[in-house]
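There are 4 protein chains.
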Amino acid sequence: MSFHDNGALASLAPRVSPSPARMSSTIKFGVVGYGYWGPNIVRNLQGIENVEIAAVCDKSSTARRRVHKNHPQIYVMTDASEVMTSPEIDAVAIVTPVWTHFELAKQALENGKHIFVEKPFTSNVRQAEELINLAQRKNLKIMVDHTFVFTGAVRKIKQLLHEGLLGKLYYYDSTRVNLGLFQHDINVVWDLAPHDLSILDYVLEQSPEALVATGQKHLNGLEDIAFITLYFPDSVIAHVNVNWLSPVKVRTTLIGGEKKMLVWNDLEADEKIKVYDKGVEMDSREGLYELLVSYRSGDMWSPHLEQAEALRHELTYFVKCITDGSNPFNDGAAGLRIVRMLEASTKSLRKRGALVYL
Amino acid sequence: MSFHDNGALASLAPRVSPSPARMSSTIKFGVVGYGYWGPNIVRNLQGIENVEIAAVCDKSSTARRRVHKNHPQIYVMTDASEVMTSPEIDAVAIVTPVWTHFELAKQALENGKHIFVEKPFTSNVRQAEELINLAQRKNLKIMVDHTFVFTGAVRKIKQLLHEGLLGKLYYYDSTRVNLGLFQHDINVVWDLAPHDLSILDYVLEQSPEALVATGQKHLNGLEDIAFITLYFPDSVIAHVNVNWLSPVKVRTTLIGGEKKMLVWNDLEADEKIKVYDKGVEMDSREGLYELLVSYRSGDMWSPHLEQAEALRHELTYFVKCITDGSNPFNDGAAGLRIVRMLEASTKSLRKRGALVYL
Amino acid sequence: MSFHDNGALASLAPRVSPSPARMSSTIKFGVVGYGYWGPNIVRNLQGIENVEIAAVCDKSSTARRRVHKNHPQIYVMTDASEVMTSPEIDAVAIVTPVWTHFELAKQALENGKHIFVEKPFTSNVRQAEELINLAQRKNLKIMVDHTFVFTGAVRKIKQLLHEGLLGKLYYYDSTRVNLGLFQHDINVVWDLAPHDLSILDYVLEQSPEALVATGQKHLNGLEDIAFITLYFPDSVIAHVNVNWLSPVKVRTTLIGGEKKMLVWNDLEADEKIKVYDKGVEMDSREGLYELLVSYRSGDMWSPHLEQAEALRHELTYFVKCITDGSNPFNDGAAGLRIVRMLEASTKSLRKRGALVYL
Amino acid sequence: MSFHDNGALASLAPRVSPSPARMSSTIKFGVVGYGYWGPNIVRNLQGIENVEIAAVCDKSSTARRRVHKNHPQIYVMTDASEVMTSPEIDAVAIVTPVWTHFELAKQALENGKHIFVEKPFTSNVRQAEELINLAQRKNLKIMVDHTFVFTGAVRKIKQLLHEGLLGKLYYYDSTRVNLGLFQHDINVVWDLAPHDLSILDYVLEQSPEALVATGQKHLNGLEDIAFITLYFPDSVIAHVNVNWLSPVKVRTTLIGGEKKMLVWNDLEADEKIKVYDKGVEMDSREGLYELLVSYRSGDMWSPHLEQAEALRHELTYFVKCITDGSNPFNDGAAGLRIVRMLEASTKSLRKRGALVYL
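Residue numbers (my numbering), protein chains in the order written: chain B, 1 to 358; chain L, 1 to 358; chain C, 1 to 358; chain E, 1 to 358.
Check the hints yourself; a few may be wrong.
[As the list claims (entries may be wrong)] With a straight-line Cα cutoff of 25 Å, these simulated BS3-like cross-link-like pairs (lysine-lysine) come out: (1) Lys347(C) with Lys274(E); (2) Lys138(E) with Lys106(E); (3) Lys168(E) with Lys249(C); (4) Lys69(B) with Lys69(C); (5) Lys249(B) with Lys217(B).
If you're looking for bench data, these hints aren't it; they were derived computationally from the structure.
Generate coordinates for the entire structure from the input sequences, incorporating the hints supplied.
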């Protein structure tokens with residue numbers, strides 16, 4: 001299990017430059033699902049060299065009409081099985097509701113296609129494990145669409161943590177709230193928390209030991225507000241606040257370390273990340289009640305971030321992994337780690353907040 | 001048990017106008033503790049009619065010198081017992097560390113003095129109950145210093161909820177984080193959460209059924225970051241995020257209701273409270289997967305708030321309660337309710353987050 | 001000369017519903033210029049019923065390739081004269097640099113085409129007058145693209161002022177600064193100020209009596225920072241701060257009135273407009289030095305704004321005007337009023353800030 | 001004429017350490033005026049070593065009662081002449097309306113007292129010159145209370161400009177607006193602009209060549225909104241926007257340079273100053289219309305600022321200048337430079353905005 005991207009991204013140019021021998025080999029994609037996120041997948045795939053979109057498929061006639069209007073040249077299908085069995089197609093992007101991921105992914109893998117699966121990977125751990133095994137046997141690639149870890153902000157955070165700028169890590173506290181969009185098949189944890197959990201998985205390079213999730217249902221029988229505490233090794237604590245019923249949109253993460261502290265506000269146009277030279281020092285020579293606490297407050301620094309579209313990065317990377325046979329760091333195993341946390345959250349939520357070991 | 005203030009505050013003028021018969025009776029205060037908060041108590045008491053500060057007491061000679069410099073005319077004492085036993089003194093303000101509250105309060109009550117006690121009331125439920133019983137037997141008043149419920153913002157929130165402006169309540173989500181000030185005897189929950197818990201107690205007019213608290217210690221053996229989920233009746237959920245290790249100061253509360261939603265940002269100079277005409281409506285005629293969700297988004301409104309100093313309000317109200325024999329709504333019972341939640345939080349924290357019934 | 005829109009917009013549906021007799025008549029557009037703004041014109045025209053884009057024209061081969069890539073079905077031309085003389089074309093959108101507007105517009109009108117001209121209308125007053133006369137003789141419509149007056153924010157401001165909510169108007173103070181985009185043929189006043197001047201013209205329904213403009217050139221021989229004060233009747237004063245060299249983007253307008261005051265921050269996602277119940281009252285009974293000044297501070301209110309794209313609104317309105325023969329309020333005369341202010345600004349700037357009467 | 005502070009402040013310790021010979025000599029102050037700003041002068045003088053407040057004087061009995069309540073030990077006077085002629089007093093702080101400054105200052109100097117005068121120094125240039133001459137003849141010190149140049153923010157800005165961090169300076173653009181406080185004897189320019197003008201004088205170390213001022217009167221016959229453009233050598237332009245009728249308080253200054261750009265928001269609790277690594281570069285090899293413009297956007301940096309109270313710094317510095325005979329950089333000449341700009345602004349305002357050379 002590798003949490004590292006091994007510098008793979010560092011060398012990512014916007015367009016892949018494969019070796020001459022491979023120049024001829026175009027990757028042909030089928031895209032299943034053209035709802036909220038599918039159009040972004042299609043638009044970005046179109047801009048990548050050596051990629052061809054063989055077909056886009058959606059059960060809804062409205063969605064199919066939309067594909068045709070936006071991309072008159074793309075072939076449109078109704079039945080996903082057609083995509084899965086087409087000998088023309090090398091890789092399938094599965095951009096459908098979570099509960100359909102397993103069956104679609106399984107069919108794709110069985111038919112020898114690499115898969116790019118929308119987050120969260122599957123509805124449960126068992127499904128994820130089965131898909132990973134299947135892909136391994138078939139020598140196929142799985143990439144789970146954890147788009148956020150391809151943003152300039154998250155990559156900068158990982159870099160700063162990796163370089164030790166913040167010192168020993170204390171906590172990671174994320175608030176991700178807004179009004180809607182209500183999902184019909186999954187609660188707010190399965191909808192919004194995969195972003196935070198995949199970022200945590202990526203930047204901390206560790207798995208949590210245990211978690212506690214609390215929340216409440218108000219409208220459609222699914223939790224619309226929830227809070228997850230994750231206990232990591234070495235006293236690192238993470239907290240995720242997700243809410244579909246907030247009047248204001250908030251996307252703020254505080255990261256506290258021994259040496260420095262960081263605030264990531266993803267809604268800022270510029271200055272998304274601010275690094276504070278602030279800290280607390282304890283001097284316990286005098287015993288507990290005489291403990292000397294000193295506070296350090298210095299400059300603030302906001303690093304310039306790469307502006308490129310994260311999804312373009314990610315899909316280019318997927319094509320590169322297929323082409324050169326390397327394994328993506330956001331592979332099925334990464335998808336499984338997130339699903340395991342989500343499953344544990346559900347278990348904890350059912351008990352209104354119990355400690356669940358992972 | 002009454003959560004209501006019964007309009008007592010509505011009629012609060014900055015200065016009490018007691019009946020002629022009582023005009024002559026000045027309330028003589030002793031103030032024990034002149035550290036961080038004590039100077040505010042002294043300054044505000046001085047501005048209230050019919051109040052006289054008979055003595056200020058502190059064990060620290062530095063603190064005593066500070067009293068003398070700021071208020072050369074005030075009598076300064078070293079030993080709290082002197083205050084407690086002085087026949088000159090009618091009421092004592094106890095503004096010392098939490099672990100000293102019980103002994104000081106007990107001595108004051110036994111000597112026939114009304115008490116104004118810094119929050120949190122006591123170190124545990126048993127102490128609070130003993131003090132309440134003692135005060136009742138002695139026919140003395142206890143007021144616990146839940147200052148925030150006397151601010152213009154909290155009083156406006158209570159009013160809006162009471163009037164039903166937000167409709168059925170969904171959640172209350174507070175973030176109260178900053179750098180320091182580390183306490184030596186209590187963790188961040190006992191230090192910062194009493195503000196949120198006393199506000200919840202005041203505006204919801206209900207007690208939680210259960211709670212879950214998670215957190216972590218990084219520096220001095222006491223939790224410096226913690227998260228509390230409180231389950232109230234009727235699916236109302238509250239969450240409190242407290243943190244001594246944040247690089248930025250945040251004092252933001254989201255309150256979601258069926259009809260409207262409210263954001264209270266206490267750091268805004270103006271526009272502390274914003275009421276959003278936003279909401280979600282479900283139409284389930286078509287069954288779960290066809291559930292129609294509609295979002296409503298209208299005007300935003302920020303009510304003008306009263307600017308007066310909360311502590312002045314609170315102390316004036318205390319003097320009024322002593323003078324006319326009425327019971328303050330932030331009495332010992334209110335203090336006990338907060339201590340009960342804090343004690344439950346400690347219990348839950350020790351198990352790294354277990355559901356604790358109240 | 002009419003500053004009013006006479007409710008024309010109020011009845012604007014996203015799609016025009018002309019009388020049955022006209023149903024068959026499609027308006028055929030030629031678009032000249034496919035640089036920064038042209039693509040938005042093309043995209044929006046495509047969504048309007050009874051509109052057909054007959055051709056898009058640009059001198060640059062890069063631009064022409066871009067048209068073809070985005071809209072493979074649209075006919076692309078190199079020479080603007082071809083558009084102007086085509087018998088197929090009813091109306092021309094001129095989306096080219098300012099110094100080319102006059103010649104292109106003249107040719108279009110002479111060939112019997114209605115014109116939609118990018119702001120500012122022309123390079124000087126004389127040109128604008130000539131085009132207005134020509135259009136009148138030919139019975140053709142001119143619309144000048146003052147897009148901002150079709151935004152939800154500006155229409156709401158006009159409505160609030162019109163209803164008298166702010167009381168007697170005192171001032172209008174706009175800041176419109178950012179980094180770049182430097183223009184090669186016009187200075188920052190001709191680039192950015194047309195937005196503010198056309199908004200002023202629209203919401204105040206008055207022309208200024210005189211203006212003073214100051215500024216400075218630092219890089220390419222054209223002013224990159226400038227300040228314009230406009231004196232309107234009845235002591236109304238307006239100020240416009242435009243700057244291409246600001247590290248931060250600001251789009252904020254303060255509008256002060258006797259009864260209320262308004263802040264419009266166009267960079268806010270929500271709450272673009274805030275109306276403050278604030279004011280100053282003078283009581284001069286006692287003579288100048290005893291003047292009693294009282295300040296009023298009440299609630300703040302942020303009205304919900306229409307979210308539709310302004311340019312869609314504007315182009316739909318242009319088609320409606322062509323179809324039913326009505327005159328747009330943002331006609332050649334409106335364009336001329338803005339050019340007159342710009343010309344006066346240039347005159348004032350050359351003298352480093354002299355009062356120029358209009 | 002020296003704009004430099006010659007490092008005098010760098011060595012300022014909170015408390016002066018005079019040479020042994022002078023240790024015994026306490027500076028005795030009289031304070032004339034105890035309105036809005038006087039209490040701050042008194043409070044800060046009290047904290048400075050070797051300073052004694054001999055008397056505070058105010059014509060208003062309400063003000064005198066306030067002195068007595070806050071400082072029972074300080075001697076209170078009614079008649080300013082008493083202060084001016086008292087042999088006990090070494091230095092006088094004149095904290096009264098502008099129109100009274102000249103007479104009071106003259107009387108103080110004639111009686112051999114050093115003077116600390118509230119900004120603006122005098123009502124006109126002639127008065128300022130007369131006072132400077134008088135002080136020179138009498139070998140007395142004049143300090144004009146330009147408090148802002150003693151703040152951590154302004155001192156940091158001066159340092160950064162001095163070090164050349166921003167490169168060649170382009171512009172300085174300040175907005176200083178709020179609701180009230182209306183002055184009865186001076187307009188908004190004389191009330192608010194002295195802050196900006198004294199900061200400009202201090203950080204640019206240059207005097208403007210000319211200025212243009214525009215504005216409008218709405219309420220009490222004095223301008224309540226005004227805009228000043230100042231032309232400095234080398235194409236540096238400054239702009240000051242002052243307004244008593246704004247619903248929101250703004251204290252923001254943009255400073256643009258060739259290499260970097262700076263934003264100073266004085267209302268931010270932290271991060272008052274942000275330095276942006278942004279810029280524009282022109283490459284004119286290709287001729288005007290082919291001018292290549294490139295934009296640079298890098299990190300942002302917010303330096304930590306000194307938190308000490310500016311007025312304490314300033315008064316300590318005044319005492320030091322009296323004690324060691326050195327000349328303060330904010331002396332009568334500095335005060336005169338500001339008054340000269342104010343006088344020119346008035347002249348320009350009367351013509352509704354004319355270029356006035358200085």
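Now for the hints, and whether the structure bears them out:
1. Distance hint between Lys347(C) and Lys274(E) is unfulfilled; the C-alpha atoms sit about 36 Å from each other, more than 25 Å.
2. At roughly 11 Å between alpha-carbon atoms, Lys138(E) and Lys106(E) fall within 25 Å of each other, so this suggested pair holds.
3. A hinted pair counts as satisfied when its Cα atoms are at most 25 Å apart, and Lys168(E) with Lys249(C) qualifies at roughly 22 Å.
4. A C-alpha spacing of about 15 Å is found between Lys69(B) and Lys69(C), which places the hinted pair at or below 25 Å, so the restraint holds.
5. A threshold of 25 Å between alpha carbons decides the hint, and for Lys249(B) with Lys217(B) the separation of about 20 Å falls inside it, so the pair holds.
Comparing the model with each numbered hint stated earlier shows that hint 1 is the single one that does not hold.
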